Amino acid sequence: MAKEGKKSSTLDEVIKELYLCNKCGFCQTACKVYKTDLNESFSARGRVQLIKGVAEGRLPVDEGFRDAVNSCLLCQECAVACPSGVKPHELVLAARRYMQQTEGLPLDKKIILGTLADPFRRKVAFSTARFLRNNVSNRIEGFNELKGIDVRGMPIDKVGFIDQVPELNKAQASKGRVGFFVGCFINHSLAKTGHAIVKVLNKNAIDVVVPKKQLCCGTPQNAYGDFELAKKNARKNIRLFKDLDAVVTGCGSCGAMLKKEYLHLFADEPEFLPEVEAFAQKIFDFSAYVMHEIKLDPEKFKVFNHKVTYHDGCHMARGLKITKEPREILKSIPRIEYVELREADRCCGAAGLFQSYFYEIAKDISRQKVQNIENTGADIIVTGCPACVHRIQGSLRLAGKEQKVVHLADLLAEAYQ
Amino acid sequence: MQDNILEKLRSIVGAEQLVENPAQMGAFLLGPEAPLAVVFPGATGEVAAVVALCNELGIKLCVGGHTVSSKGLAGGIAMVMSRMNRVLEIDHENLVAEVEAGAQHTLFQQQIAADGLYFPPEPYGGEGSSIGACIAAGDLDCKSFLYGPPRTYILGFEMVLPTGEVLSCGSKVIKNVSGYDLIHFIVGSKGTLGVITKVLLKLLPLPEARRTVIGSFASLAKAAQVIQILMERKIYPARLNLLNAPLAGQIVPGTGPLAPGHQVLVDLEGFQNSTAHLSDEIMALFRLEGATDALCVEEAGAIDDIWRQWLQLKKAYHDDVQDRAIDFLVGPAHLAAALSGLEKLVTDLDSDSGLIIYALNGNLRLFPTPGHDFPALLQEINRLALKLDGNLAGDLGFRLKCEELRETEMWQEMVALTDGIRSRFDPKGILAPGVHQ
Amino acid sequence: MLTQAVIKDLTAIVGSKNIITNQAGLAAYGYDATLMSQRPVGIVFPRSTEDASALVKYANRAGLVMVPRGAGTNLSGGSLPVENSLVICVSRMTRILEIDPKNFTATVEVGLVNFDLQEELEKHGYYYPPDPASYKASTLGGNIAECSGGPRCFKYGVTRDYILGLEVVLPSGKVIEVGGKNFKSEFRYDLTRLLVGSEGTLGLVTKAILRILPKPFAKRTMLAIYNKVEDASLTVADIVAAGIIPTTLEMMDNLLINTADEHVKLGLPRDAGALLIIEVDGYEVDLDNQVRLIEELCNKADVRSFKVATSQAEADQLWLARRTVIGSVGRRRPSYSLQDVTIPRSTFPQMVDAILACSRRYDLPIGILAHAGDGNFHPLVLFDERDADEVVRVHKAEVDLIRDALALGGTMSGEHGIGVLKKEYLDLEFTDVAIEAFRKVKRSFDPTAMLNRGKIVDIAAEG
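Protein chains in written order, with this note's numbering: chain D, 5 to 421; chain L, 192 to 628; chain A, -4 to 458.
Calculated directly from the structure, the hints in this document are not laboratory data.
Computed from a predicted structure; not experimentally measured.
One thing to keep in mind: the hints can contain errors.
Okay, the calculated bits of chain D under chain A, using three or more residues with CB under 8 Å as the criterion [as the list claims (entries may be wrong)]:
| # | segment |
| --- | --- |
| 1 | 32 to 46 |
| 2 | 53 to 63 |
| 3 | 67 to 81 |
| 4 | 88 to 98 |
The C-beta atom is built at its ideal place from N, Cα and C for all residues, glycine as well.
Generate coordinates for the entire structure from the input sequences, incorporating the hints supplied.
Take a look at the structure:
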């Protein structure tokens, strides 16, 4: 039921920023959801204005408002485009937080977020999904996709990556040691990427520590306003990696959460904040680590005769601000033909739960990505985010395309063979 | 009654500024119908008083710069603006001039050229015609591709409305979106919405360099091909015209006539370096493509001379053969196709029927010899133009297009809409009775 | 509120995905880029001319006032809903129907965003010259309605100069086509020119035939930085007097240099009084001479630094700063009032003085942005909309600036239109005769003011 928007502390905190928006509309072009649906409520400006309406008590929190706020990809493009320096994605987070506080999360979201946050439930969920996929949906003729998600093609590993490897993965003649924050996607559905990361690091004389008790980074819970749950896991993760000087992630979203969002999350705990800061300092995306800390030697790569393009995940490009490293690494591989992808850093349509709640828009967004990929003529698409790997690979497959989508680490692991 | 009207008119413009003697009036009239009198107002106030009088008494009124169309003007008044011919201001800093509507177009251009300024549109009806005529006709000319059509150069005006009030719009600014855009709307309104008394014109700096290149070609197809090549090379001169052989002989450069053939006339205006390069390139192309003759004119006087002849030619056809001229447009890229289609319909294009082409605009003006079945030819050319992304020009073109495409509702709607605008401005229907009939 | 019956009828025309009647949706379509707001009773998205015509006919029958809208980046309130109105939003009519570079035309549906067209044209080596600062967001329909300008007008003109033909749904719902693919396609009157800049009050434009041009062979982008605004305006006058028509002569004052640099981080000197972005284009062989001459003229005007962009990327950065500068003032104060007064170029220094005086008079910061070649000023009056007293002063400042521009022989609107924001000042610029002429035009198209009622002029029932 609609509730009259009462002024709340969460929205009060951002009221100043809400007034910064002077409605010039320049963010419209940056908002992939708007560009696809062409409805103002589903644009960055629209969301900001609606949130302002609720903050001022002029608008109720109703279905229309919830849709507007939940339709945000959190891709952060709008913040880059905004001349006034408004960060609409942060305002959306505040609004989602406000909704979570005032009316609680809807049951479906609550279950999903809770499941991802709990390692046991998460394991059960992925196994169940795998079982259903193998034994039910795959046996139904023509059942290829569920709301634009490539169900048949989606890999789900039988045993999670973390359970496949020892805690310590030693390199020959080791020169250093890093922790590996695996993340849900690599753990359950891209174990091969997990192995690739370990392999590339080991090849470069780095020992890799995979703490067995690591938890979900908290991105899903944070995105929908359940800060308490996100914090609970965050605290454990921070402590778990305490003894390591460097922690590598293989996922832009996990990376941005650990390196940037944890600081926001704990902004209200000044006594704990130094520990969070220290933790954030030592988080490296895989590409940044291999490029800056290891300094890869291209001499060691085998010749790689492929036309390759790169897709920037949203949180990689605008959360971690990593765009140069993956490209330079790719270009350094002998004989590789690198082509730039049009709108490379625009969302692929995944955006966490967005793809299932707004699947029609998500499908359209993915279609655009597939078209842009087609136009490059590349046969391999590299990215740094497991969610993007799945979304793009699935969309390509559903469109009957042959191109392969791989994680940067997968490609490097192959180049070392 | 009639004497009474003439008396009132005399009291407005002065006795010596009214002509009622039919023999004397003839010099100022186009067409056989005879008005009561021709008046020569000297100021906006006089124009307004004459218009108000006509409106009050329901007398038809038609206006011209030097001559007035008398169509539908029997018993009405013809107004000649030739006395209101002053250039009121030339404003260098703002690149603007204010002139009275009767100012002579060519004289005005010469006057500002001496000051290093430029007003690109060609005169509407030859050298003697007025600025007011250029604006009222609003006709495309062969410089419109590069410089924009005449409306591009109007920033404001003063106009006496058919009801006698004076309407002023615009100012010395090149960007103005205040209110409805009457400033540009009146361009091409052919004297139906009011009597233009003053205009504020946008000027440009005079181009640094000019050259004219002329080539003669044995066939229209060859000439069209050369034009095509120029456009593909993205060469867009101030003018890129084609005259067919029957007309080409009328352009005679100071150095003597070119070898007979269809003539491509190129007028280059711009900066020194590029103009020199382009004229060389065009000359080389003309020779390469087998021009029977080619000439590059560099001296300013000689260039002016050629284009003066061009204007005379244009005016001669404008005045003499207007009733049997067919003015149509096609996409400029379809020029060759249009010509080959036209050659099938008009077989004497090499010898008798005249053809003037503004190539950059894809505008063709055909002057068929009297032997042709004119109405049938119109229909055929209309179909030809429609096939080539074009149409016959103006009102006729729109009507034929609607007929061809069976757009009856749109036709009715457009007539109602334009009639509605006109009657709201001119409730008694006194102005320009011969227009839109 | 629309009744369920009306919603059902509208849905039958456009389909359930193309109608919005929920509260959030109404609120999201209740504003444009001005401070004003007014919620409509519904929003419908035609997907075709047939939809649009059916909607207009239906709205007439149902007695609903219609407000055409594109992206809603309007700066005069022209696309703002009025009371009890139905917004007809063309944002989903985005098809490019034809790009015909050889004949210099592009035919588009008007919901297409200007920038999206430019991207397609780029592939052919062509462009569409009018590119208002909002071109990444604003639709061509909006550009046509407002006769948008942009930074290239000095050489290339405004939207009006690039519209060859339009398909229009009249306020009655009947569809007409005006103009065509060529100049000289007009029937009787140049209705195309009347419709361009008519702010959606005369007809709902659904398609447009645009004139496109090949991209210039070469261009040079220059940045001149001055200690004083006066020096910059001297340069502007000198360049024009020297016979050069740059595509662009954009000026920013100290305040805007600071906010733009905070956004784009160009490393501009924060103490500079003004800067000019100057761009010339044409044949490669002509440009060095022009740049040399411009540099001389800048030096003559005591330029502090003069620089020619050495790469496209460098030029693009300058343009990014220019295009986003208006929004960037949000970094100073949350709200701004943006004028578009335009004055004869020769009175540029007087207008600058007038703006500075206005700033002092009302104790409000005013940033000065100008398309200097056009004499088109964008004084940005900065304030906070929550401060009632400031709002009153801003309002007074707006009128003063309009009066100042008119006193200098200018116009109150160079490119944003009258809308509702400047409607009340119309009689400062126009005589009663002119305003009555506007009414005649409006009545000829829309005698009962069903389309965008209350914009530009009000009309009483005819009779």
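Verification of the hints:
With 6 residues having a Cβ less than 8 Å from any Cβ of chain A, the segment 32 to 46 of chain D passes the three-residue criterion, so the hint holds. Beta-carbon proximity to chain A at under 8 Å applies to 5 residues in the segment 53 to 63 of chain D; the threshold of 3 is reached and the given coverage holds. Under the rule that three or more residues need a Cβ within less than 8 Å of chain A, the assignment of the segment 67 to 81 of chain D holds, with 5 such residues. Residues of the segment 88 to 98 of chain D with a Cβ under 8 Å from some Cβ of chain A number 3, which satisfies the need for three, so the listed coverage holds.
Of the numbered hints listed earlier, not one is contradicted by the structure.
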